[in-house]
Structures are given as C-alpha cells and as structure tokens.
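Visitor: Construct the entire structure; sequences and hints are all you get.
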Amino acid sequence: MKTALALPLILFALPAAAQDHSGHTGHEGHTEEPAKAPAKAPAPFKLPDMTGAPQMDHSAHQVGDLPSGPPPAEAFEGPQHAADAIFGAEAMAAARAENHATHGEMKTGTVMVERLEARVADGHDAFLWDVQGWYGGDIDKFVFKSEGEGEFGGSIEDAELQALWGHAIGPFFDLQAGVRLDVEPETRSHLVLGVQGLAPYMWHVDAAAFLSDRGDITARVEGEYDWKLTQRLILQPRAELELSAQDIPERDIGAGLTKLETGVRLRYEFAREFAPYVGVGYEAKLGETADIARLAGEDTDGIALLLGLRAWF
Amino acid sequence: MNSSPLITRRNLIRSTVGLAAASAVPLPAWAKGQSLTHARQGFGEVSGERIALTVDSHHFGVGGRSGHAVAVNGTVPGPLVRLREGQNVRIDVTNRLAEDTSIHWHGLLLPFQFDGVPGVSFPGIKPGETFTYEFPIRQNGTYWWHSHSGLQEQEGHYGPLIIESATPDPRYDRDYVVLLSEFTPVHPHEIARKLKVGEHYYNYQMQTATEGEMSLEERLMWGRMRMNPRDISDVTGATYTFLINGHGPMDGLEYLFTPGERIRLRVINGSAMTFFNIRIPGVPMTVIAADGKDVEEFEVDEFQIGTAETYDVIVTPPDGSHALVAEAMDRSGMGVASLTSHKGHRAAPPPLREPVTLTMADMGMGSMEGGEGGHGGHGGHDGHGGMNHGSGDAMAGMDHGSMDHSMRDTSKLPDNVKVGPGLDMVAPMPVDRMDFPGLGLDKVDHRVLRYTDLKAKRPNPHRMPTRQLEIHLTGNMERYMWSFDGRKFSAVTDDPIRFAYDERVRVKLVNDTMMAHPIHLHGHFFELVNGAGMMNQPLKHTVVVQPGGTATFDVTANEPGDWAFHCHLLYHMHAGMMQTVTVRPFPKAGEGA
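Quick mapping for you: the protein sequence lines, in order, are chains A and B.
Numbered per my numbering, the first sequence spans residues 309 to 621.
Numbered per my numbering, the second sequence spans residues 5 to 597.
Because the hints were derived from the structure by calculation, they are not lab data.
The beta-carbon is built from N, C-alpha and C at its ideal position, and this holds for glycine as well.
Keep in mind that a hint or two might mislead.
To give an idea of the interface, some chain A residues facing chain B are shown, with a C-beta separation under 8 Å as derived from the structure [unchecked claim]:
| # | residue |
| --- | --- |
| 1 | Glu385 |
| 2 | Ala391 |
| 3 | Ala409 |
| 4 | His432 |
| 5 | Ala434 |
| 6 | Phe480 |
| 7 | Tyr509 |
| 8 | Lys536 |
| 9 | Tyr590 |
Guide: Below, the structure is given as structure tokens:
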C-alpha cells in the first residue's frame, strides 16, 4: 500500500527530478576551470550556426580555424591579484571578499500569506490561513509553512507548522525536507520530504510526503495557476489532493485518497503585495474516508463562498 | 520650470531646476542622524588638471517620486567631467557616505589601479576617506562615470565624462549631453529582493486574457517552457521615472538651437537597467561615434542604446520644437526633452508604442522571426537561410515534448559551462545577431541602427586573433540568477578569464537567456566582428548580446592588470553576472604594445 501511494508522488515530482539529474550527474565531475586543464586537445564547441553566421560572409577570418585552448603560459604569470602590490594584500583581500559577497551571494527572503480567507457555507462559516516564507540564497533556503482552519466562534480545528530546508535541485524545483508539527486537532509531529516549484504550463506545485511520529504516512499535492485576465485581475484555479497510506482511526481517515479541495479565486492586485479576492471552493472527502464520514452522518462534500486576502512582503 | 542645460564648447550653463518637490518626506532609516539636503537635478561641470568630487547622501525628487539619493557634488546626475585629450588629471574623490564608495571611469584607458572597481582594481573608498585618481588622458570622446560599489549607481551616483579632441572637430556648432537614467524612490536592495522573490514584480505588460496577440497554441508553448514572452525589462516604469540629464518627462527640459545649426548630441545610457529607443520624430540623426570612438557616418531615424553604451549623433533640426524621445525598450515609460528653437516651447512627445513580445529568435531558435514581418532589407545576410529550420508556424506546431527538451539541451554546452539550477535555458541554435536592431525595433518602418552599420572611421591595425574563447551568458529568470558559463562571480573568485599581455583573442558571447545583456569589458576597447572587415571593425567597450543569439569581438589585451568584465544591467551584475579578466605579465619598463 505504501509503495503504491508513493508512486503518484514521485510522478508528480518527475519534471524536477529529470532536469536535475541531467545537470548534476553529467557535470558535477568537472567544475574546474578549463584554463588550467589544457590536457586534452581543445574540442571547439561547434554549433550549427557557425558556418552561416553573418560575420563569415564578410570577414576573411574563420572563427572555426582558431584554436580555443588555454591562454599562453605567460598569462599565468603573477601576481595573482595585481592590486595587492599597490594597495596591500590585506586591504585587497577584504575588498575582494566584499565584492564577491555582493555579486551573487545575496541572502533574502519573503513571507507570503497565500490565503487568508473566510469560507461561507450554509450552516458553518469557517476561516483558513495558508502562509509560507523563506530566507536564504539561490540554492539553499530556510522555508516555513503554516496552514490551519477553524469555525468562526468555534475553536481551531486544524493547525500545522512546517520548518524545512529547501535546496534547489533544478532550474524550477526545490527539494524540501524538514519537520511538521500539528497543533490541532492533536499534537503530532512528522518528518517531511517534498518538492516545490514551477511545473510546465506555469503551474505552481507543492508536493510532500509526511511520516508521523506514529509511523503513519500521508501525502499532499497542491497545484495552482495564475491566469491573468488583466494586469491586475487574476483568476487562480487551485487543487489540493490528500492521500494516506493507511487508516488513521483517530482522525477518521481511511487508506487511499482522502480529500480533494478545489477552488477558483479571483483576486485584484492593488499592489503585487496586496490582493483581496473572492472565490468559490469545493471540498470532498474521498474513498474510505468519505465512507467513514457518511457512517457518522456527516456531509462528505460541500461548496463554500470564499472571501480573502493574498498578501506578502 | 524650464531649464536648458546648454553647453557651448567651453562653458556650460548649470541646469539648476528648483524642483517644487519640497514635500516633507520622513527621514528614512538609513538617513537617521543626518540632515539631508535635496540634490539638485541636472549637473554642473568640472574640468582641468585637478578635480574634486564629493559623494554624499541626499534626497531627490522627480515626477512626483522622491526618496533617498547618492549625489556627487550635490547633483543627480553628478557633474560633467570635461577633459582634454593629452592632459593629465588628478581627481580627488571624497566619500561622505556611511558606506564604501568608488568611481569607475567608464570607457577610459588608464592604469588598472585607477579603474575604480573595489576588490578588483583597488580597495574602494572608505567612509570619510579621499582617494586620488591620477592618470593621463589617452583618448577623446563621450564617456561616463559611475559608482562600482553595491547598487549606488541606481541611487544617482553617475555622471557624464567628455574628452575634447586634441584637434578641433568642425562637424558641429553646438554640443549637448543627453544622459539617460532612471530614478526610483525604492532602495535598490529592495528592488533586488523583489526581483528575487516576486514573479515579474515590476512587469505590468504581461500577456493576459485580454492583451497580446499570441495564439493559444503559442501561449501554451511558452507556458510549457515556463518562459514569459513579455519578459523585456526586469525593472520598469512601474517604479522608474526615466530621466534625461536628471529631468523627468514632465520637467520641460529644453535643448535650444538656432535653425541651421548642426547639433552634436552625446547620448549616454547611464541607467541601471534600461535600454532606450532614441528618436526625434521628423529629424534624422547622423551617427558619428559609438562608445566614444568615431565611426563612418550614417543616418538613422531611431536607434536603441543598451545600458552603458554611448552614441554621438549630429542633427540639423528645422525651425520649431522637436521631441527628443528616450522610450524605454519595454515601452513602460519614456524620457522626454524638447529640442527647440523657441525658448519655452515644449514639443509634444509621441505616445508610447505597443509593448514588445519576444519571438522564437529570442529563444535562440535561429533566424525564425521570418514569420511575421521579420527584418527586411539586408541582402547581405541572406546566408542565414541555411539555418532556417522551418517557419515560425512549423515550429509552433512542433511536438511540444521535443521542443521543451530542446530548450535546455545541456549537451550543446561546452564542458566548462556549469549546469545547475542557475541555468534555465540553452539556446538551441544561437546565431549571430549583429544585424538585429534591438527588441521592438525590428518591425518599425524607418531606418534603425544595427551593429552591422558600424565601421571604424580610423583603420585598426590589422592583426589576426591567435585564439578563440567562448563565453556563455546564463541565467534563471524565475530564481533571478545570472552568471557567465553557469558560474556566479562569487564562485570564481580566484579563477579569472586570463589573457596574455598583447594577446589577440576572438571572444564569442553566446546568450543562453531570453534577455539582451550589455556586456562591458573594463580598460579596453574591443572590435565587434560585424562584417566591417578586419581593419574597420568598430571599437566598443560594451556590446549588447541579443536574446538567444551570439556576438563576437576581437580584443587585443594590451592593458596589463586586473579588469572587471560584466553585464551592465546592475541587478544582473549584482546577482553574479561578472568576472575578472587578468592580463599578464606586466611589461617591463620601456616595453609596450
């Protein structure tokens, strides 16, 4: 059962993994500068354009005829840093460190409230939050996520917090690994392994598997797409699917697909950082989980009107 | 509120516009404890053998936007540095900021230790310190200067630099500087952050359900590749006010002339991130110099100027008021001035044109833009035909799977290019795009400048390169990562690009991104391999490598030392698109190329 469940998850992560591997395995080995490794005869990089590029038509000089090897030996003569001799090695070392830090090593971050919304349905009006943020560099980041919901006037029914290490594994996807703490409906901790990024056709995807402190495996896949109606008016379809590898009686969950949450939200970006929205959402319990709910006399699905805010800084 | 920054040959009337922007702006955090004065718009002039420049924090306001600025000698832009070919100059630069600063003399030939790049040529100028630059002036022409520390250039730390020719130039009667730049009240570090975290934060010209002419099929194809065909400029008029000599489009900047006069316009792109389309509707422009170096004269109606490039043109406008338009390449705004023979008359600028949409050619699909319009009228380049692997329509109809694969086929890269998250695309069939006039100018119905039009006026020494070098311009738009050969500057600290002293190298730049990058080599002029013939290849210090295309230059490395080499889009450089070029060994005293 567990392996069967892992499969869709892996499939989902595939675009990222595929790109990534071609990159890493293929080239990790030789990241050293070619200038210093003139061992093999230079293999001029030949593109299909080289024979027909405009300059060839006019110039008597064929690019392809020139060697593309390392520079002559005298180019490696000292000093390593020319300015050291004039301004002192120490002053230059400090300036160099600063220079390198400010040309590619920027650390930054953001906090995004993806959904802060009221869900109006007949009988029970609920609220929901979905927040995430990160801080770090281009490749490695600290990521946190929090999601939860409850009924107005009632208590919080679900609340979780995730702390993850995010690592870029390809141009569009990050691998995320860390921990998740459920505060409601009961305190529970999980290990998290997932991927997040931008899938083909501009779908933002977040897929993760969770291993709880009771040994339960669950998973969650989310996707959303921003369809610009105008520069500021954006329609966002969104879907979230939850899965469980086993029955989890204390949460009324049966093995298999457990829950589907879909919705469309229409937001207006007064600023990129501030966009109120209206929407409609449909939620359904699935499979055995739905059966459990039905036996308990509960609704298994429902539609809600959504009013909310998307904001970040 | 009019101002006229008239420069006659020997004197310049200061353009001191008292902006009515005395609005009470609360002191920003970075300025606490200092009483900041407003920087004046426009610039004065400094000249002679001994020059003093002071860098300080100020407020600045233009076009309803106001905020912090780094001004030199109290103005934005900083003063015009006017020198004469053959003189020596000593320039004392005093830093009154709370952080390090520097000045790089853009396009000047000088000893490397005075080139002004902290960490490469010198340690930088610490707060409170004065650094003295001292060098002989070995050239003439139109150049500029700017900070090379942090992101100060965005904040106002730049200015024009003109070197008078040792011999008089009779080709013009009047001489004006047209210095293009941007102002934003947003701190540049915040802009850098927005570029990293926000998806196309400043782009309000995206294709939408109601905007853009692409078919659904094409849109799906771009979407599948996770690329945005309206990704023209990273930072736009959404936060920038475009400036000419420090004046916004509503400030009524005037260039006065008497009918019949020949006017030299020294157009300098001193912006941080913006390519401009320059035109004076109804007035043709004769291009006489590029990047400070004379070229065979030719006439155009419009030209695109990449960041950090300069072009000198001569115009002879008829009586009246003519709009001098500097339209941002993405058409999100423009800088405007009036070229007028009637003081106080403003010319009405034309409206902004439609936003630009990228094509297959910008993806590196070879010369694919034949489909809709293309560029007609240069028979000299029909040789492209062989690379035309199908019409645009055929490509759009191609199997999407193979298309997606071919947009990042890393097997097409040389071994030294590092493949990783920082590389989101490999141009599948990059071709030389020297004949491309710039995004959006390939479909206008008047004469535009192409690199293939440039021919050096004075013949260069004829010398064959002895080596070729290929450098890939790489990036990831979503993550806002930029690099050379897949490696950020921070990753190549002690692994420079090495040239032997006096070595002549042919350098081919391959743009594996869908943005145009203005690539600048410090301390040298290189020759564009543009079909002008070996003796007349135009000399430049900055070359725009068009999206998905290549550009090739020959350089004789005859300036020993360490030199910066980088994309002159400020936030691209900041993200890592930079390298050090070392030229060794130092020649022994008495030797020289």
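Visitor: For every hint, state whether the structure bears it out.
Guide: Quick rundown of the hints versus the structure:
Taking 8 Å as the C-beta contact cut-off toward chain B, the hint placing A/Glu385 at the interface holds, the least distance being around 4 Å. A hinted interface residue such as A/Ala391 counts as satisfied when its beta carbon comes closer than 8 Å to some beta carbon of chain B; here the least separation is about 6 Å, so the hint holds. Hint on A/Ala409 holds. Least Cβ distance to chain B is approximately 7 Å, under the 8 Å limit. For the restraint placing A/His432 at the interface with chain B, the shortest Cβ-Cβ distance is roughly 35 Å, beyond the 8 Å limit, so the hint is violated.
A least Cβ separation of about 29 Å between A/Ala434 and chain B goes past the 8 Å threshold, and the interface hint is therefore violated. Among the interface hints, the one on A/Phe480 holds; its C-beta lies about 6 Å from the nearest C-beta in chain B, closer than the 8 Å criterion. Hint status for A/Tyr509 relative to chain B: holds, with the closest Cβ pair at about 5 Å, below 8 Å. Interface restraint check for A/Lys536: the shortest CB-CB distance to chain B comes to about 4 Å, inside 8 Å, so the restraint holds.
For A/Tyr590, the suggested interface contact is broken, since its CB lies about 23 Å from the closest CB of chain B, more than 8 Å.
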